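Could you put the whole structure together from the sequences, leaning on the hints where they help?
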Amino acid sequence: MKFIESHFWYTKSQRNGILFLFVILFSVQLALYFIDFSSNEDLNDQEFALIQLKVDSLKTLEKISPKTKIYPFNPNYLTDFKAYQLGLNTDQIDRLFAFREKGKFVNSVAEFQEITGVNDSLSALISPYFKFPNWIKKKASDKETFKKEVLPSEVRDLNRATTEDLQSVSGVDLKMAKRIIAYKKLLQGYSSDEQLYEVYYLKKQTAKKILQYFTVTEPPQLKKLNINTASFKELLRTPYLDYHLTKKICQFRDQNDFFESLDELKKIDSFPIEKYDRIALYLSAE
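Counting from 1, one number per residue, gives the positions in the sequence shown under the working numbering.
Worth flagging that the hints you see were computed from the coordinates, not collected in a lab. Heads up, a few of these hints could be off.
[Claimed, not checked] Derived DSBU-like pairs (lysine-lysine); straight-line CA-CA distance at most 30 Å: (1) Lys224 with Lys184; (2) Lys175 with Lys275; (3) Lys275 with Lys185; (4) Lys247 with Lys233; (5) Lys223 with Lys267; (6) Lys266 with Lys204; (7) Lys208 with Lys184; (8) Lys184 with Lys275.
[Claimed, not checked] Label pairs and their calculated CB-CB ranges: (9) Asp277 with Arg160: 18 to 26 Å; (10) Glu164 with Thr90: 44 to 52 Å; (11) Tyr33 with Gln85: 48 to 56 Å; (12) Ile273 with Lys233: 23 to 31 Å; (13) Lys223 with Ala124: 53 to 61 Å; (14) Lys233 with Phe258: 34 to 42 Å; (15) Gln221 with Glu111: 51 to 59 Å; (16) Leu262 with Tyr200: 26 to 34 Å; (17) Phe97 with Ile181: 49 to 57 Å; (18) Glu194 with Thr162: 16 to 24 Å; (19) Ile273 with Asp193: 18 to 26 Å.
Model, not experiment: these values are computed from the prediction. We treat Cβ as the ideally placed atom computed from N, Cα and C, and that holds for glycine.
In structure tokens form, the structure reads like this:
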């Protein structure tokens, strides 16, 4: 008996603590019963639609097992089972089949999404596996090329063209556009359309296309260098003059005191006669 009584014997402070604990628990129960803790803010239709869209997307993605390997396929020949495996619902599958029954074909990701009505999440997930025939890709590429090669109503000045302007021409990428601009700076501006063909690695056919959009309408005002007083280094910086040709010009000048006219350049051994007109743009004999 004493053993049992020892388990129920408490001091006065312990009894007060237990009583206080019971009061707290009872108060919490009353609060939970009488007070409504639910939010008074209701979701509007737009917020609800967004949440529902996210939920639907998650459900759709769950249908596609991460362990299931997807192989490239033509979306025009989807079966019911395959389409369901990919996450399409019955309405979307029916719309695709109805479209195909008319003898029509889906030729792009955007067209597939428009016809079936699949959401962006599912489209982004499965579209990388779409495999269209090569003739469709070629047709799309031809359309894009045609758009790029439509001649503008007004041909612009080549010397004012930017890298962005040049890239609008089919066959000109950013690297080539920068190279064209860099060569323009070296020449101090294009003086004629023919100089465009001198750009390193620019194909002749591509240069012709560029000249359909751009031409030299305002040639640069070049400051001519006096060939009789210019130093070796100054001549070497002149476009079209390399080290060996510059050396021969200086030797000829030393032997003949000076150039009476630029035509005397043609007397120099191995002088590139075909470049004379362009070299003469930068030199004078005074």
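Quick rundown of the hints versus the structure:
For the hint linking Lys224 to Lys184, the alpha-carbon distance of about 17 Å falls within 30 Å, and the restraint holds. For the hint pairing Lys175 with Lys275, the CA-to-CA distance comes to about 27 Å; that is within 30 Å, so the pair holds. Between Lys275 and Lys185, the direct Cα distance comes to roughly 19 Å. Compliance with the 30 Å bound is thereby established for this hinted pair. At roughly 10 Å between alpha-carbon atoms, Lys247 and Lys233 fall within 30 Å of each other, so this suggested pair holds.
At roughly 24 Å between alpha-carbon atoms, Lys223 and Lys267 fall within 30 Å of each other, so this suggested pair holds. Our distance criterion of 30 Å between C-alpha atoms is met by Lys266 and Lys204, whose separation comes to about 28 Å. For a cut-off of 30 Å, the pair hint linking Lys208 to Lys184 stands: about 17 Å separates their Cα positions. Distance hint between Lys184 and Lys275 is fulfilled; the C-alpha atoms sit about 17 Å from each other, no more than 30 Å.
The hint said 18 to 26 Å for the Cβ distance between Asp277 and Arg160, and at roughly 24 Å that hint holds. Judged by the Cβ atoms, the range 44 to 52 Å given for Glu164 and Thr90 holds: they are separated by roughly 48 Å. Evaluation of the 48 to 56 Å hint for Tyr33 and Gln85 yields a pass: the beta carbon distance comes to about 50 Å. Distance hint for Ile273 and Lys233: a CB-CB separation of about 25 Å, consistent with the stated range 23 to 31 Å.
With their beta carbons about 58 Å apart, Lys223 and Ala124 fall inside the hinted range of 53 to 61 Å. Range check, Lys233 to Phe258: Cβ separation about 19 Å, and the 34 to 42 Å hint is violated. As the Cβ distance of Gln221 to Glu111 is approximately 54 Å, the hint placing it in 51 to 59 Å holds. Our hint of 26 to 34 Å for Leu262 and Tyr200 holds, since their Cβ atoms are close to 27 Å apart.
Between Phe97 and Ile181, the C-beta spacing of about 54 Å keeps the proposed range 49 to 57 Å intact. The supplied range of 16 to 24 Å is met by Glu194 and Thr162, whose beta-carbon atoms lie about 22 Å from each other. The hinted window of 18 to 26 Å between Ile273 and Asp193 holds, with their beta carbons roughly 21 Å apart.
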